[in-house]
Amino acid sequence: MNSNYYKLLLLGGAVRLYFSQTSLAPLIGNRVEFATPLNSFKRLQEGVFLLQQGVDPYRGDLVHESPLLLKALSGILINYAQVLPLLYILLDLCTATLLYLLGITFVKQKLQQQKGECEDYAKDTEELQYNDEDKSHIAELVLLAYLFNPLTIMSCIGLTSTVLSNLLLALILYSMVKRQLLICTVLLAFETVRNLYPFVLIAPLILLFARRSVPMGIAIFMIFVTSCFAVAGANFLVMNSWNYLDGTLGFIFFFRDLQPNIGLFWYFFTEMFEHFRTMFLITFQLNATVLYLVPLSLKLRKEPLLLATVLIALMAVFRAYPSLGDVGFYLALLPLWRRCWKFMAHGFVVFTFFLITLSMMGAFWHLWIYAGSANANFYFGATLAFSTGQIFLITDLLFAHVKREFCLYNGQKIMINGEEARILLE
Amino acid sequence: MGLLSDPSISTHNKLVDSLAKHMRKLCYVFYTAGVAWFMCLALPEFNHGTYLSENALSPGLVYPEIRIDANRLALQLLEELQRERKDHQSTTPHAWIMAKFNEFGLETYTHNFTLRYPFGGGKEFHGKNVYGILRAPRIGSTEGLVFSAPYRPPSSVHDEITASVPVLLAFADFARRKNYWAKDLVFLVTEQEQLGMQAWLEAYHDGYKNYHSSSSYLVAGSLPARAGSLQAALNIEVQDLEVDYVDVKVEGLNGKLPNLDMFNLVQRIMAREGVTSGYKHAPRKRRRMNLSPYEQNLRQMLAMLATQATGVPNGNHGLFHRYRIDALTLSAAKRVTNSNVKSNPSSATVPLLKSIEGISRSLNNLLERFHQSFFFYVIVHNDRYISIGDYMPALVALIACSFVKAYLSWSTLDAAERHAQQDAAGNETDPVVFYTKLSLPYGFVLVYLVVTLVIGYMGNVLPLQKYLMELSIGAGPLTLTMLIALNVAGIALPFYVVLPPGGLELLHICMLLVYGCALIVIGLLNFSLGFLVAVLSVPMVVALNPSSTNGALRGLARLWALLLNPMVVIYTVVLVLTFYEFPELTFQQLLLRAVTAVMDAVTFALIDSVIYGNWLYFAACTVFFPLWIICWTLALAKQSDNEISQAKLKTN
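Chains as they are written, first to last, in the numbering used here: chain A, 1 to 426; chain B, 427 to 1078.
Careful, some of the hints might be misleading.
What the hints assert, rightly or not - Residues from chain B that face chain A, not an exhaustive set, calculated with beta carbons under 8 Å:
hint, residue
1, K682
2, R750
3, W836
4, L950
5, W1058
Said to hold, decoys possible - Label-pair restraints from in silico Cβ distances:
hint, chain 1, residue 1, chain 2, residue 2, range
6, B, S567, A, T22, 54 to 62 Å
7, A, S23, B, H552, 51 to 59 Å
8, A, Q82, B, V876, 24 to 32 Å
9, A, N287, B, K892, 55 to 63 Å
10, A, N287, B, V455, 36 to 44 Å
11, A, Q82, B, H552, 39 to 47 Å
12, B, I917, A, S23, 29 to 37 Å
These are calculated hints, taken from the structure and not from any lab test.
Predicted, not measured: the structure shown is a model, and the values here were computed from it.
In this text, a Cβ means the ideal position worked out from N, Cα and C, and glycines have one as well.
Construct the complete structure from the given sequences, taking the supplied hints into account.
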């Protein structure tokens, strides 16, 4: 916690505060790229209103926020509606702080781990190893990446509940590196009941805490399941009905709202014949959750935090209602892998991809919805390209990690018959 | 899977290195390919023949029913209107038009609007439109078609189009007797050119929305009656009842076009009725120029690009596009008297009236809005077009230059550093401090970008400030002074700011990316504008190289950048136009005249942007001008760091 941290935090807060006062804020709150049916502030307001009128908000098809949060926010929204933007900004700053602390702790642990292993490292690999400077440097980069990423800023001023999801995810990650099993599991259960997809994070959790003991792993899993039920029960107590389960988890799983977003679901499900729906629903949801879980967990069993990062990133790409706020969150985690960057070849390409597709999305949306001259295909093309860019980034990160691991032990310059060596997948 | 899983350990790619050596050549290859592709599109092998995509439009192609009595009515109405015009030198004979509407049995209403002209202390202008609704006998008023005719008083500076109103009225009289209308027909006579149309459309769709806000300049008021959701509109400008040819105008606000089906429909029906018509149709004399078909096609395409790029609608139809109503203008030109074709005045308008009947019957049969055919196209010839899929590659190839250059520059940033390190290592002297990608001055460059953006944005905001508008200078001098002041600020900026080491390279890459994205977005919204800007500016952007040491090349880049300054470009365009318009002026007079013309041009652009929502002015101020400032900075390349590092290298 040095002065730089406070300066950045203040500046980040000021930027958010400034933009939340401009006319940009309501505009962002209505953009499909940021506000999905799941996280939009409008729907939250609707839910609060319905609650106030004594109507079960989950009987309709508008409100998809979990009951506990809905109740909590309704208190604030009814009594102190003006301070709500301020609250969201504060929560976002909390997320940034947590990520900053996560960065510091992570590098400390890496340094310790390196001490044990450094004898096995090859000679010219200093630039691949974490060093003392990284402790502040990486954490600052994480802070910068979270606070000044336009995606997170926009999603904060648009008052999307992605801000809350990001805070919870940051808490989960932070308690993970701090080895707080119980807090971590309970928070994960809470976020799972809200958003369904985060349940995949149980894999890095088990890998981290169970340490190859199967009974321990089962125990953690049982704790997780129990806390899921407990959270669900608490939600039930708040609402006094089970309707909310279908309104939140069911809504996500069955993908009922076809409103366009930056994901891959909506276009396929509008085009599809109705009788194939079930099959594709299951396929898409498997793709978003468990498809990559097992292979990645096997490969990254020694790096639970990298596994968590990759899983969060994949979630942001493949989930049913993704928003740019999710993308902004996992982008902020990338500086943790600063020492892999040397091997990341596509960084610039991916950045350009993001820039082009995001600006194209705005143009296509205008042409489709307002001018009426373009159509859904144009917009979907842009979102598809955006998703491709993200996949590039994730694969790049994974490969960079593999190459770094290899080079750490084998040195960076390997010559075979006078030519540079190449790593082959076999 | 080589793309995703590059198997080599180092990210350093030899292909990229060798490409980077020929970066400029590569970019010019892309540029030439793009331009050549566009030129090729004029060849008949590269464009397609038009066809009617929407089957529902066919009924209009059957036997027309309008007879010679409609022509007689039009003649008689024109005579009456000419008499009325003697008493209404600068106003519209509303009473006469309303009386006629009533006489024909239409629901007749008037619509008042007010323009609060903000400059020079503020003035108010009032206007009044007249419209009549023919309710559809077959269905409730859920959908409507608009037939509009602008009215110009005798004092107007534009071409006289008095005959439009009689033609409209004659058609209204015919339409009222028919029982097959499934959509309400709205007959609208507007005044004050596009202002009246804009006010009517705003009032039709927004009602009292802007009435109380003092910030809006056009107070559209509200309409006493409406006719459901408008599906299509036809604007009629007739110079005389004896029609020589019909020019079909399609370009709308911000370069939006009506569906190609609508244009095809008009062309087909006109052809059937034997009316000479076409896109950008010129008088007979000029049509006889012996140009090869290829050259004609290319001229047609370029003419369309030029009209579309301004974003200013070339007829009242253009304002409909904003509300997703497909519309075009039939602009019928007067027959010159010495023409060798003699016609009978008592039946001269019948073909035109028959065409209007055919078009209206086709539109009447539409089941949904136009959606089948293209919205993005370039018309090559009256019956040939280029679709978006065919012309986009040209623009993409041009824009690709900037991204390719950005990628290669970024990759070689690293390489330069590596070579330098190798040199340093080889010489075994003190290590020279070189910048790596992470330590580039990102913050500084970002601030610089924001500063240029703010300077540009000021051009958008400053002339509209209350305290400035209340001064008693006119809009023209005010806007021009502001823009020149900002321009001077932009030109001076690079002289005062010294970028930190590595800043120029980073700024260069940022500029390329922003430039590319801006062109993509502009090209998507208004292809013509994007393409023309790209054709003009890409070579300069490619030639820019802040780290080059070739003096001649840098001088050239500087000159080029200076020539592409938005103000210089506007001045040049206006100067050329003035030269063609008034060839008799001496050079000095020409230069002076062009200055006043530029003043008018920027003022009209500003007014267009605040009243009609034309974004050309906004784009020029907020996108092109900041980009130009950055280009200018790079062209000047006040580069202390490079000299220093080079000096260091030399001493090494």
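Hints, one by one, checked against the model:
For K682/B, the interface hint holds, since its Cβ comes within 8 Å of a Cβ in chain A; the closest pair sits about 6 Å apart. With a least beta-carbon distance of about 4 Å to chain A, the hint placing R750/B at the interface is held under the 8 Å criterion. Because the smallest distance between the Cβ of W836/B and any Cβ of chain A comes to about 5 Å, under 8 Å, the interface hint for this residue holds. With 8 Å as the threshold, the beta carbon of L950/B comes within range of chain A, its nearest partner Cβ sitting at about 4 Å, so the hint holds.
Contact between W1058/B and chain A, as hinted, is not supported at the beta carbon level, the nearest pair being about 23 Å apart and thus beyond 8 Å. Between S567/B and T22/A the Cβ separation comes to about 41 Å, which falls outside the hinted range of 54 to 62 Å. The hint said 51 to 59 Å for the Cβ distance between S23/A and H552/B, and at roughly 31 Å that hint is violated. At about 29 Å, the beta-carbon gap between Q82/A and V876/B stays in the expected band of 24 to 32 Å.
Restraint check, N287/A to K892/B: a C-beta distance of roughly 57 Å satisfies the suggested window 55 to 63 Å. Checking the proposed 36 to 44 Å range against N287/A and V455/B shows it holds: the Cβ atoms sit about 40 Å from each other. The supplied range of 39 to 47 Å is met by Q82/A and H552/B, whose beta-carbon atoms lie about 42 Å from each other. One distance hint, 29 to 37 Å for the beta-carbon pair I917/B and S23/A, holds here, with the actual separation near 32 Å.
Going through the hint list in order, the structure does not satisfy hints 5, 6 and 7.
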